[in-house]
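Chemist: The primary structure of each chain is shown beneath.
Number of protein chains: 2
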Amino acid sequence: MTLVKNAVGRMVPTEINGRPAIPFQGVGKHRPAGRKVGPPIPTGADFTGSKLKQSIDEVLDSANLKNGMTISFHHHLRNGDGLVNLVMDKLAERGVKGITLAPSALFPVHEPLVQHIRWGIVDNVEGSMNGPVGRLCTTGGFKKTAILRSHGGRYRAIQDGDLHIDLAFIAAPSADSHGNANGVHGPSAFGSIGFALADSLYADQVAIVTDNLVPFPCYPWAIQGGNVDYVVQVDSLGDPGKIVSGTTKVTTDSTRLQIAQWAAELVRDTGLLEEPEFSFQAGAGGMSLAFVKYLGEFMKKKGVSASFARGGSTKLLVDLLNEGIVKYILDGQCFDMAGVKSLAENPRHIDTNPFTSYCYHTKGCFAPKIKVSVLGATEIDMNFNVNVNTHSDGWLLHGIGGFQDTTDAYMTVITAPLVRKVHPIVVKDVVTVTAPGESIDALVTEYGIAINPRRQDILDRIKGSGLPLVTMEELYDKATELIKGKRKPMPETTDKIVAAIEWRDGTVIDVVRQLAPDDRGY
Amino acid sequence: MTLVKNAVGRMVPTEINGRPAIPFQGVGKHRPAGRKVGPPIPTGADFTGSKLKQSIDEVLDSANLKNGMTISFHHHLRNGDGLVNLVMDKLAERGVKGITLAPSALFPVHEPLVQHIRWGIVDNVEGSMNGPVGRLCTTGGFKKTAILRSHGGRYRAIQDGDLHIDLAFIAAPSADSHGNANGVHGPSAFGSIGFALADSLYADQVAIVTDNLVPFPCYPWAIQGGNVDYVVQVDSLGDPGKIVSGTTKVTTDSTRLQIAQWAAELVRDTGLLEEPEFSFQAGAGGMSLAFVKYLGEFMKKKGVSASFARGGSTKLLVDLLNEGIVKYILDGQCFDMAGVKSLAENPRHIDTNPFTSYCYHTKGCFAPKIKVSVLGATEIDMNFNVNVNTHSDGWLLHGIGGFQDTTDAYMTVITAPLVRKVHPIVVKDVVTVTAPGESIDALVTEYGIAINPRRQDILDRIKGSGLPLVTMEELYDKATELIKGKRKPMPETTDKIVAAIEWRDGTVIDVVRQLAPDDRGY
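From first to last, the protein sequence lines stand for chains W and Y. Numbered by our numbering, the letters in the first sequence go through residues 934 to 1455 in order. Numbered by our numbering, the letters in the second sequence go through residues 934 to 1455 in order.
Okay, chain W solo, but in the shape it has when bound (with noise of 0.2 Å):
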């Protein structure tokens, strides 16, 4: 294997499961070739019967099933999934073999799947991994190398035809026997259902699974039935305690309290808020919630309005824009019962999807519009390079979710406390590097905000406005103190890539190396 050095310095192979792979050489500097996929032609003289199958074993026995072939999902019903574990098993029972799974992410509800990839049954998986099947991939228990991307670059890739799907299982809260569906009605809404769009535009066969049949036309036809080969109706879709939280709920600590703050005060001294254009961006964690309250009583207090903001919603989120702080809320998953409402019943709660929001081989998506973007972190470097997927003792735990493509924003801030239990956040090198320095414009920490040098159009803005900057070697030094000088080295790894973290071009900007069995903790 080849390995090169990339634009962020690290060793990444030239190629990765037979395919050839471009290593990171900057944002935007890799401009792409060729075209995007062209699917077959169908025709309507084979779709005059109806879609509708009685089961999944009956979706797969018509089904081109073969051994080494690709199959998806979605994670809209995040740890609330019943629908890969089921499909899972029928396709180890039915003897199918080296699968690449390709769910858009995946959750500790989704364990069994360590079983059938020991056994053979899946190869490999193509999508974020979070708990049990990262920490298989991160032991090298895959038969290939795993590959991370972010929602827009999975778009990107099945768009551009790096991830070829074979059969795409959508779970739809509401479907019609046409194929059209959405997640805003039914008992297992989950709000948007937009991470499968794209599933539903390039697989070769596309199955709704729904436990929820309406009669045509089911409306909104977020996915539509015109790509559709499939409609099975089953009980359930999963446990909807899992999939959105009842509610969302602001942190009460006072240390992530006061990150929340100077995130807000932040924002609210580079004058981005007055603004016509102001829209923000931020997660629904505690601490992210937190900024959104202190932001959204600024704004109040100024009598000024966002654009819009980029959901994840949330009640709080939904709240501004019933008050009209927010003019629209432009989402792509709802986080509690009061986005999933929202998104059904507002016409100023728009549902969104990774070609409008994130995928950077369009002619241009919306990510770069948003002024402000708040987002977590597991690592940052002095170079302000960001690591979300590996935590510091080297196990991949973690998607990159939207990650990179909301760094696209004017201001990306990263908010995180110094240092999680003995784990300092500001490191000399992350353990895996999800998005470059150049991209990070602010962390802010319970111990002061630092600034991206790079950034001195930002810096200007903030001149005397009295917020407690500071540099990241104080940042290094201070966490170093906190932690009494105890930094853990970088986590002992073998040669062997397990996972290849790809920019949102397509690119490779980092990979995960296997855990050597004495740093495994076990």
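Which copy is meant is left open, because identical chains are indistinguishable; a pair holds if it fits in one copy or across any two.
With a straight-line Cα cutoff of 20 Å, these simulated EDC-like cross-link-like pairs (lysine to aspartate or glutamate) come out:
(1) K962 - D979
(2) K1023 - D1099
(3) K1260 - E1278
(4) K962 - E1371
(5) K1235 - E1210
(6) K1030 - D1056
By construction, these hints were calculated from the structure, which means they are not laboratory data.
Chain W is fixed; fit chain Y onto it per the hints.
Modeler: Leaving out everything else, chain Y in the frame of chain W:
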């Protein structure tokens, strides 16, 4: 040129404009090969600046103009369109030659194109030609063979790569600087902008032209900014008074009222109204509206509702939606202001496009879900073959519209007075076959209803109904009597093929030949 006899007995060429052509093989018989078009992969790196251009000229400065290019437009502005002539005049000024024009349709307002074609600015039209350009085509004034396609056929041709568009101009009543656009808001609002969808997805370059630039996000985004290269604001898109009718009106002519009533009785007496998935489609002409009016009355009397009605929407259809007689309108174009307003405001009035509604090369569109479609025609022959393109005197004056696509309905009904002026509707041979008899199920005239003998199921449904059933032979004889036996022969033509009529699957169902000079009437 090699000519072969196709499945409706017409002699058609095996090559058109240097490309292989497939003769019509019967409904559902031709199987497509190959893959959909994969457009060149763009990169966000090329779209970091503004897409806004100050003028059409600035768009043309940026676009990669070349002789022989294909330029497209949609026809939602109808006879009020101000864009086609404006752009074509500018291309003429710039000396671009040999353009293929690919409008979804042209109207009398586009008469200035006649000069552009004569001067070699435009070599060909692939699209419908209502009026003067059609006349020019019929006299052999084009350098190439024009190609006419249905709405679904046009989407298919662009998707399948038969019609490659270099530069698409999309007139948008509402758009933002990112290129998101819709047709429902703004001073030139015309409703659905669906005819432009394929252009936006597959053209190399896409320019949005709007007279109503709104802040991001313009929503609904029927056209998505991720597919758009340029956005330009102009003072006006055309003449709003001619874009959409103020009101559409039910006919008051007693003959047409009789036909409409019988058509509605035919539908009623089939028992389809009582079926849970009843749905229907009719046009916006006075007789079609009368049909809808009678049908609505029957439905009210029976206390039933339609699962959906397919628009072309009109005030009449909107009233039925609001009364609950129609549960949804699936709308492809709005024919009056009530339709536009309803599409903008009523969530049960759903915007569609030719992919969802009509395209045959999908995994099913909804055309076959329509139970009854009621359509007009210029001629129909003893085998139920229908002509909607040419008049009996040979002039090519009409497009196909959605005609072919809607024949996919369970029951396709042609309504027409038996004689128009001196022209009988029922003929031995239609001048041009637009749709094959196998796709047409009934003809309703003021002298009775002829059911296609192929449809024994329909004949069984209406047995004993008391409907005035007649045979095509009887209608032919009656028409001959009405015109006192003075049936005109087929128009005299040269051998030159001036236009090809494609069936919705891309095969050639008929051709139009150049009218012989003596038969041109001037």
